[in-house]
Amino acid sequence: MSKQTLVRKIFHRNNILLAALFLGFALPGGGQVLSAYTIYLLMIVMSFSTTGLKLRMLTEIKSVGKITFDAAMLNYLIFGALILIPAYFFLDEALFLGFVVIAATPPGVAIIPFTHIYNGDLDYSFKGILGTFLLSIVLTPLIIGIFAQEAEVAPVQLVLLIVKVIVLPIAVSRLLTIKKIYPTVEKMRGRVVDFGFALIIYTAVAVNSQVILANPQSILGPVIILFVGIFLSAFVFEWINLHSKNKKRNISRNLFLTIKSSGFSIATALALFKEDPMSTVPAAVLSIFVLLYLIAANHYFDRKEGK
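Going by my numbering, the first residue of the sequence shown is number 1233, and it counts up by one from there.
Worth flagging that the hints you see were computed from the coordinates, not collected in a lab.
Backbone N, C-alpha and C fix where the C-beta goes; we use that ideal spot for every residue, glycine too.
Be aware that one or more of the hints could be misleading.
What the hints assert, rightly or not - Taking lysine-lysine pairs in the DSS-like style, the calculated list, with each CA pair at most 25 Å apart, reads:
| hint | residue 1 | residue 2 |
| --- | --- | --- |
| 1 | K1396 | K1286 |
| 2 | K1298 | K1286 |
| 3 | K1479 | K1294 |
| 4 | K1480 | K1294 |
| 5 | K1286 | K1419 |
| 6 | K1479 | K1298 |
| 7 | K1294 | K1477 |
| 8 | K1477 | K1286 |
| 9 | K1411 | K1286 |
| 10 | K1419 | K1235 |
| 11 | K1298 | K1480 |
| 12 | K1241 | K1396 |
| 13 | K1480 | K1286 |
| 14 | K1411 | K1241 |
Stated by the list, open to error - Label pairs and their calculated CB-CB ranges:
| hint | residue 1 | residue 2 | range |
| --- | --- | --- | --- |
| 15 | V1443 | K1479 | 41 to 49 Å |
| 16 | I1456 | I1410 | 44 to 52 Å |
| 17 | V1391 | I1242 | 39 to 47 Å |
| 18 | V1399 | M1420 | 21 to 29 Å |
| 19 | D1508 | Q1236 | 40 to 48 Å |
Using the sequences and the accompanying hints, generate a full structural model.
The structure is reproduced here in structure tokens:
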């Protein structure tokens, strides 16, 4: 194995994220320091992640509107119901608030590259991400405001949060697409997103590591709920659409059903409920499950295509 291949494997996205997870438990000391900066890390990650979105797609009003509605139904309504209903009845308030944040979180931008990897419908995924991100400016504070009333989150705080983590990053991403600098941005985008996301995951695990290690059953509820919400729902969706003619479209729709932006949910939970870090536990579990799901889906689609 050449040195270049070894370095590429070490710095593969999956290995970086798994390392962040391990370090969160092994060396949790930096978590408290980084927790004050997770929003800024997320702003950077979101700015680079959204450089691929083409706002000119908005001129295709009918197509974008139809796809956005479908993607929002899958990601916000169906997935949201799958996690919020059991969380409300079976978990304590802090963990429930964590699931409220997940339900309010927009789809993960990772849907776009994985649509390409899994040979899905790229047009659907691009338009779905663009539409749901713009829709999240309204939906995210609305969902948190409705389901987290007891937490007394100020509406102004929610509006400022959305400006920071969605509106400003989309605006900055337009600057990053300027022709003179875009080739450089394109080269470094993957690393910036991977390491930024890894730091966010590390922080969420680190600030909760003592509680989780001392009381591992505390994460059992979130684990079961997210397993059902991600893995079981993906399996059922695939089974229902087994004989569908539009297989590419259904690959993309399956991703919208199961993939939330775990970095967004972690940073948002830390920003809104910093007095109770247990509210970030569901988002930390989400980041692990999304990673495992994408790895499992990769193997599934490779086998399906005979690779």
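Notebook entry, point to check: Hey, K1396 versus K1286, does the alpha-carbon distance stay inside 25 Å?
Noted result: 20 Å, holds
Next item on the list: Take the C-alpha atoms of K1286 and K1419, compute the straight-line distance between them, and say whether it is at most 25 Å.
Entry: The given pair, whose Cα atoms are some 18 Å apart, holds under the 25 Å limit.
Note to self: So if I understand the rule, the pair passes when the alpha-carbon distance is 25 Å or less; does K1479 with K1294 pass?
What the structure shows: 22 Å, holds
Notebook entry, point to check: Given the proposed pairing of K1411 with K1241, does the C-alpha separation stay at or below 25 Å?
Noted result: 31 Å, violated
Next item on the list: Look at the Cβ atoms of I1456 and I1410 and judge whether their distance stays inside 44 to 52 Å.
Entry: 47 Å, holds
Notebook entry, point to check: Given the proposed pairing of K1477 with K1286, does the C-alpha separation stay at or below 25 Å?
Noted result: Roughly 28 Å separates the two Cα atoms, so the pair is violated.
Note to self: Against the 25 Å threshold, does the CA-CA distance of K1298 and K1286 hold or violate the hint?
What the structure shows: Distance of about 17 Å is within 25 Å: holds.
Check: K1411 and K1286: Cα distance at most 25 Å?
Finding: The given pair, whose Cα atoms are some 14 Å apart, holds under the 25 Å limit.
Margin query: For a C-alpha distance cap of 25 Å, please report whether K1480 and K1294 respect it.
Written below: 20 Å, holds
Next item on the list: With respect to the beta-carbon atoms only, verify the hint that V1391 and I1242 lie 39 to 47 Å apart.
Entry: At 41 Å between Cβs, range holds.
Note to self: Hint check: K1298 vs K1480, CA-CA at most 25 Å. Holds or violated?
What the structure shows: 17 Å, holds
Item checked: Satisfaction of hint between K1286 and K1480, Cα-Cα up to 25 Å -> 21 Å, holds
Hint violations for this structure: numbers 8, 12 and 14, all remaining hints satisfied.
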